[in-house]
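Number of protein chains: 2
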Amino acid sequence: MLLLHRAVVLRLQQACRLKSIPSRIYIQACSTNDSFRPQYPSLTFSGDNSSTRGWKVMGTLLGVGAVLAYQDHRCRAAQESTRIYTKEEVSSHTSPETGIWVTLGSEVFDVTEFVDLHPGGPSKLMLAAGGPLEPFWALYAVHNQSHVRELLAQYKIGELNPEDKVAPTVETSDPYADDPIRHPALKVNSQRPFNAEPPPELLTENYITPNPIFFTRNHLPVPNLDPDTYRLHIEGAPGGQSLSLSLDDLHNFPKYEITVTLQCAGNRRSEMTQVKEVKGLEWRTGAISTARWAGARLCDVLAQAGHQLCETEAHVCFEGLDSDPTGTAYGASIPLARAMDPEAEVLLAYEMNGQPLPRDHGFPVRVVVPGVVGARHVKWLGKVSVQPEESYSHWQRRDYKGFSPSVDWDTVDFDSAPSIQELPVQSAITEPRDGETVESGEVTIKGYAWSGGGRAVIRVDVSLDGGLTWQVAKLDEEEQRPRKAWAWRLWQLQAPVPAGQKELNIVCKAVDDGYNVQPDTVAPIWNLRGVLSNAWHRVHVFVAP
Amino acid sequence: MLLLHRAVVLRLQQACRLKSIPSRIYIQACSTNDSFRPQYPSLTFSGDNSSTRGWKVMGTLLGVGAVLAYQDHRCRAAQESTRIYTKEEVSSHTSPETGIWVTLGSEVFDVTEFVDLHPGGPSKLMLAAGGPLEPFWALYAVHNQSHVRELLAQYKIGELNPEDKVAPTVETSDPYADDPIRHPALKVNSQRPFNAEPPPELLTENYITPNPIFFTRNHLPVPNLDPDTYRLHIEGAPGGQSLSLSLDDLHNFPKYEITVTLQCAGNRRSEMTQVKEVKGLEWRTGAISTARWAGARLCDVLAQAGHQLCETEAHVCFEGLDSDPTGTAYGASIPLARAMDPEAEVLLAYEMNGQPLPRDHGFPVRVVVPGVVGARHVKWLGKVSVQPEESYSHWQRRDYKGFSPSVDWDTVDFDSAPSIQELPVQSAITEPRDGETVESGEVTIKGYAWSGGGRAVIRVDVSLDGGLTWQVAKLDEEEQRPRKAWAWRLWQLQAPVPAGQKELNIVCKAVDDGYNVQPDTVAPIWNLRGVLSNAWHRVHVFVAP
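Heads up: the sequence lines are chains G and V, in that order.
When we follow the numbering used here, the leftmost residue of the first sequence carries the number 2, and every step to the right adds one.
When we follow the numbering used here, the leftmost residue of the second sequence carries the number 2, and every step to the right adds one.
Heads up, some of the hints might be wrong.
Claimed, not checked - Partner residues aside, some chain V positions facing chain G, computed with beta carbon under 7 Å:
1) Glu314
2) Ala315
3) Gly403
4) Asp462
5) Ile526
Said to hold, decoys possible - Pair ranges (Cβ atoms, derived):
6) G:Cys311 to V:Pro176: 50 to 60 Å
7) V:Asp301 to G:Glu258: 27 to 37 Å
8) G:Ala524 to V:Leu310: 36 to 46 Å
9) G:Asp411 to V:Ser441: 20 to 30 Å
10) G:Gly442 to V:Gln309: 53 to 63 Å
11) G:Lys503 to V:Asp435: 35 to 45 Å
12) G:Thr412 to V:Pro483: 20 to 30 Å
13) G:Ala524 to V:Asp301: 41 to 51 Å
14) G:Pro255 to V:Leu310: 16 to 26 Å
15) V:Lys503 to G:Gln388: 48 to 58 Å
16) G:Gln388 to V:Phe254: 51 to 61 Å
17) G:Glu440 to V:Pro239: 56 to 66 Å
Hints were generated in silico from the structure; no laboratory data involved.
Note that the structure is predicted; figures quoted are calculated from it, not measured.
Don't be surprised by glycine CBs; every beta carbon is placed ideally from N, CA and C.
Isolated chain G, as found in the complex:
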C-alpha cells in the first residue's frame, strides 16, 4: 500500500507541476477538511514522524483535493442521468475523440475531462475505458471511499440498458468454454489457450501483483476441479508408499509462505521478433508477476512417500490435470536435488496472496519452484513422481530450451540443450512507455529487476543516452534473503532531463549477486523459440518542448 500511495502522490506532484499549480494548494485545501483528522491525526511531513503515515495522509487527502478542484463539474450530474445506453455504445467510447466512458453498477459516466486529472495517472484510468470500473476498483481499494464516488457522480451521463444483460452464448463443444472470466486490464496474447499479461502501468504499481492481473500462461483449457474430490497422487519410493492426498491432507503438512516472482521463459519475446521471426506468444514486458504463495513443502510430501536424496541424478516429474484432446497432460520436471532441498523452498501451493489459488493459476494446487522458469510451476497438479530422467513431456524436452542464434528449425537438436531451469538476470522499464512524451525538467523511470536461482538483484543501472552514461536506480526496500531472493525488486530513478534534449533513449540493466549482467543487445541472444530475452531494455521517448 505504501508504494501505491507513493505512486499516487508522485503522480499528483507531477500533475501539479504540469498544470503549474503549486502542490501546497492541494495540501492546504485538504488540511481544512477536518473530517479526516480523527483517522490520520498528524498532517506533519517532517522527519520526526513516520514517513509512511505522512504518505498515507497525503494520498488520502489528494482524493479530497480532487473533489474540491473539480467541483465545477457538479452541475452536469442531474440533467443527463435518465438517458439509457447499451453496453455496446459504452464500449465504443474509449478515446478523447469519441469521449471516454466507463460504468459503475448500472450507471454510465463520461470521464473524458477527468482522465488527465486522475490521481493515479491518465493511463491507468484509460485501462477501464469503454467498460466497468469495478474490476479496477477491486484492485485498488483507495477508490472505495465516499469522496471518490461523489467525484465520479459529477460525470454521470445515464444508465445502462437493464435489458442489456444477455448471457454470452456458450459453445459447448469448445474445450475452452468453461475457462474462467478474466480481468479486463489483462493484455491478451492468446485467448485459447488463455495467455495474458498485466499492462506495464499496473505491473510495478505493487510489489505483490494482485491475483486478477497476475500474468497467465496456460497451455491448455483450464480444468474445473472439485476441491472436495480433488486428489494429488504422489508416487512412492521403492520401499515407501504412494500417497493420494486430499486438499485437507495437504493442509495437514506444515504450512510455508513465501514471496516468489514467476516469469515465463518467453517474457519480452516481442523484442526478439523485431530481430527475426520466432515461434511463440508475443509477450511484452509483463510475463512476470509476484505473489505470496502458501502451501506444503514438496520435500516434506516427498519424504512422507519415502523419497530421499540419492547420489545419482534424479528428477521430480509433475503432471497437470489440464490435458489436450488426446488426453496428454501438461508436464514438467525439476532435479530431485532441488526438490529435496529445504533451502530451495519448493512448494505445493494452495494459496496465492492469502486466497485459494484462482482457477487460472492452478486451483486447487500448483507447484511453486522459486527461482526457476514459470514452465516448471505446474498448475492443477495431479501427479508427482521421481524418475531417473527428466519428464518426457513436450514442454520439458521439445520446448523451453535455449539455442545459439545460428540454430534454425532445420538444424535444431533439442537434445543438445538443457531444459531451462534457473533464469538469467532480467530487468525492464515499465514507465515511461516507448513512444511516450515526457515533460522536460525531470523524468521518473520505473521498472522491475529479478534474477533466477535466488540470486538477489544488487543494482540497476539506468541510462538516458542509449547506454553511454549510467545512473544507479533506487531499489525498493523489500527483504532480500541471502540465496533465497526469490522475488523481484522494483526500482525507480528520478533524473533531470538534460536541457535542450528532444528525445531520450532510456535503457536499464540489472546486476545480480553473482555479478551476472544483462547482455547489451538482442540479436546475439536471439533463438528460434524466442525465450530468455534479457538484453538491456530500451525505451525511446520524446521530451515535451
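Please arrange chain V on chain G, whose structure you already have, making use of the hints.
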C-alpha cells in the same frame, strides 16, 4: 594427456598443410619404424579402435617423423660444440633476427630454424627463447624421449661458461627476498608482490594447469612455513572447542579431492583499461587456472569445533599467515551457509595436482571455495573463525566489489556493494592471438569458458565477423557434475575462413546452465577497480594471402 597429444597432432597436420607435405608421408615414414610396435601394437585409425589409442600412436610417431624430416641438420652438431657462451649472451638471442637460442644442462642450442617446425607450435618453443628448456620440458613430458634429445643435438652450438653460475645477490632487508623461484613461462604483472599468469599458448594446452604455471595472485610476501610446526587455529563455537590442527591432524579428516578452476576477479582487466584507466594489475586472459585439489572439508573441521548452520546470517572468516610490515594479515570470508554445505565442497586443501601445495599457492594449507572468486581462497591459512559479519579485511570490504561505470574514486561507497563471491560466466580465446596472421582455408580457435557457483558452461558461441553470425564451438568432454561444475570447459572450433577475407574479428561468448550470458561490450561494465571483466572476448587477426 589426450588433449596434449591432440594438440600436437593438429599442429603437425597444420604444419603439413602449410608446407604442402601430405600428412601420410609422416605416417608412412613412422609406420616403418617397428621399434614402437611393442608399445603401441595397433596403428589402425578406424572407428573400431579406441580413438584415444589412435591419437597416442600418432602423437608419438610424429616426434619420430620430425627426426627423419630434419636429419639434414645433423652435420652441424660436432663442429661448433666447443664454443663457450655466457648466460647473458644466450639471453640476448630471442628473435629470428638475433637467432633463437636455448640451453639444456650446460649445452647451448641455436634453434632458429627449428622453431617453425616445432610439433607443439612455434609460439610454445619461443616461450623458452634465450633461456633453459628444463622448466618447459618438466611441464610437457613428451619431450623426455631419446629421439627428442637426438633432434636437439643437431642444433648444438656450444657450452655455457662453467664460471657463469653466480648466485643472485639477496637483499636481506627485502621482505620478498625469500619468495620462491618461479617458472620462466609465467608472464609477470608484478614482482613484489608476485603476480603472474601463464601465457595463453600454455593456458588451455591442458585441462589441468601444471602447478608451475598456475596463475599466481599474491598480495604480500610469501611466508616460508615449517610443515612440522605449522598449526591451523579453528575458533570454537560457543559450547564447542577451539582446535589447533597440525598438518597430520588435518590429514586425519576424511580426504576429498575435486577439480576446481580458480579465477581472479581481475582476470581480463587489461581490456577495461583500454576503455578508461582502472586501479589494478594488468591481467590479460590468464588470471584463471584449474587444478585437482585435495584436503579436508571445511564443514567437517567446523563441525568438530562445534559449529553448525544457524538461522541468522553468519560468515566464516579466514586469516592468512602472510602479512604486511604492520603485521596485518591477508583475510577474507565466505557465508557460513556455503561453508557448512557439504554440497558446496569447500576444502582446506593441502594438495594441488597430487603434490603438496607449492609455496606460491599457499603451502601448507589454503582454502578452496569452488565456484567463488579467487580472493576468498585464502592461502597460508592460519586461522578460521565464525563471525556475525563479513571479515573486516581490506580485501573483503574495500576491494573485490563491483560498481556502476558512473562510480569514480570520489563517489565510491564500498559499503553499497556486496563483496564478490560467485563470479559471472566467462570465456576467452587463447588461440589465435590478437594481431596474429592465420592461414587461409581453415582457422582453429581455442579457448576456455567457466561460470561461478557451480553453474556448468553449456555452450560457447564463436563469431568470425565481430558478432554478426555465430558458430557453436566443441566443448571438451570432461565430467560436469550438476550444480557442482567447479571447473572450466576447454573448447575449440575449426572453421573455414571465408574466401577473400583479409582479416577476422573473432569473438567468443559462453552460456551457463542458468542461461546467463556475457555482455557484448566492456564499457557498460567498466568499474573503477577493473574487476568482473567478462564481456565477449575479441581477437583481431589477419589472414595470410
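Now the hints, each set against the structure:
no. : hint                             : in the structure
1   : Glu314                           : 6 Å, holds
2   : Ala315                           : 10 Å, violated
3   : Gly403                           : 5 Å, holds
4   : Asp462                           : 5 Å, holds
5   : Ile526                           : 6 Å, holds
6   : G:Cys311 to V:Pro176: 50 to 60 Å : 52 Å, holds
7   : V:Asp301 to G:Glu258: 27 to 37 Å : 35 Å, holds
8   : G:Ala524 to V:Leu310: 36 to 46 Å : 45 Å, holds
9   : G:Asp411 to V:Ser441: 20 to 30 Å : 29 Å, holds
10  : G:Gly442 to V:Gln309: 53 to 63 Å : 56 Å, holds
11  : G:Lys503 to V:Asp435: 35 to 45 Å : 41 Å, holds
12  : G:Thr412 to V:Pro483: 20 to 30 Å : 27 Å, holds
13  : G:Ala524 to V:Asp301: 41 to 51 Å : 49 Å, holds
14  : G:Pro255 to V:Leu310: 16 to 26 Å : 19 Å, holds
15  : V:Lys503 to G:Gln388: 48 to 58 Å : 54 Å, holds
16  : G:Gln388 to V:Phe254: 51 to 61 Å : 36 Å, violated
17  : G:Glu440 to V:Pro239: 56 to 66 Å : 59 Å, holds
Hint violations for this structure: numbers 2 and 16, all remaining hints satisfied.
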